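Student: Just so you know, we're using the numbering used here here: the sequence shown kicks off at 421 and counts up by one.
Honestly, the hints are just simulated from the structure, not real lab data.
Note that the structure is predicted; figures quoted are calculated from it, not measured.
Beta carbons: idealized from backbone N, C-alpha and C, even for Gly.
A couple of the hints might just be wrong.
When the alpha-carbon atoms are kept at most 20 Å apart in a straight line, the in silico SDA-like pairs for lysine to any residue are as follows [what the hints assert, rightly or not]:
1) K438 with A457
2) K438 with H596
3) K498 with N562
4) K498 with V527
Distance ranges between label pairs, derived from CB positions [to be verified]:
5) E482 with M621: 33 to 39 Å
6) K584 with E482: 19 to 25 Å
7) I569 with D537: 29 to 35 Å
8) S620 with P511: 21 to 27 Å
9) K589 with T509: 18 to 24 Å
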Amino acid sequence: MKIIMLGAPGAGKGTQAKMIADKCGIPHISTGDIFRANIKNGTELGAKAKEYMDKGLLVPDELTCGLVVDRIQAEDCKDGYILDGFPRTIPQAEALEEALNKIGQRVDFAINIDVPDENIISRMSGRRACTSCGATYHVVFNPPKKEGICDDCGAELVLRDDDKPETVKNRLRVYHDQTQPLIDFYSARDVLRTVDGTQSMEKVFDDILKVLGA
421 MKIIMLGAPG
431 AGKGTQAKMI
441 ADKCGIPHIS
451 TGDIFRANIK
461 NGTELGAKAK
471 EYMDKGLLVP
481 DELTCGLVVD
491 RIQAEDCKDG
501 YILDGFPRTI
511 PQAEALEEAL
521 NKIGQRVDFA
531 INIDVPDENI
541 ISRMSGRRAC
551 TSCGATYHVV
561 FNPPKKEGIC
571 DDCGAELVLR
581 DDDKPETVKN
591 RLRVYHDQTQ
601 PLIDFYSARD
611 VLRTVDGTQS
621 MEKVFDDILK
631 VLGA
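Generate the whole structure from the sequences, applying the supplied hints.
Tutor: Written as structure tokens, this is what we have:
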């Protein structure tokens, strides 16, 4: 089962992707994780990506797609995978589709978690991230056991700059301009499934499982 997660920043797609991966026994793949792994392992693609990242530039679509396609051909992806954070734009989606065609694969489901902008702004301002391991929490929906401290590693939790309301509004504008068209792209391929992301985390997960037939 090959799944793409769609939805605005803060819609909860990363959390749901991890839950689906655990339930279905397939890897949860985020572009951030791929970049970090390739840089850490000193691969040629990782070195190229690092050049852009060190300059504060976006990694080009072709290079990002190359890293993703390399990752999904790993042994642990033989039964499927969940892509989280890629593709973000139509050119990325087209590049991914072309690359998948070459290896005889196609996307089975594009799951769109639909949440209104005002809900997302409220949600993200409550998020806290670990300064050490990167684990994320929410002061209301998923609080740490001890306020301000990561459950996993004991490091400090902070409100990231990109979760501040003014930044979130800008991110949402970019999302609607660049990423929203992906909904039409995958709808045209009859793989898009939309779930109501304003429900509880458990209900959203149940709805996604029904879509997947899992």
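Student: For every hint, state whether the structure bears it out.
Tutor: Hint-by-hint comparison with the structure:
1. A C-alpha spacing of about 18 Å is found between K438 and A457, which places the hinted pair at or below 20 Å, so the restraint holds.
2. With a C-alpha separation of about 24 Å, the suggested pairing of K438 with H596 is violated against the 20 Å cut-off.
3. Between K498 and N562 the CA atoms are separated by roughly 32 Å; this puts the pair beyond 20 Å, and the hint is violated.
4. For the proposed pair K498 and V527, the alpha carbon gap of about 14 Å is at most 20 Å, so the pair holds.
5. A hinted range of 33 to 39 Å holds for the C-beta pair E482 and M621, which are about 35 Å apart.
6. Range check, K584 to E482: Cβ separation about 32 Å, and the 19 to 25 Å hint is violated.
7. Between I569 and D537, the C-beta spacing of about 31 Å keeps the proposed range 29 to 35 Å intact.
8. Between S620 and P511 the CB atoms are about 35 Å apart, so this pair departs from the stated range of 21 to 27 Å.
9. Between K589 and T509, the C-beta spacing of about 20 Å keeps the proposed range 18 to 24 Å intact.
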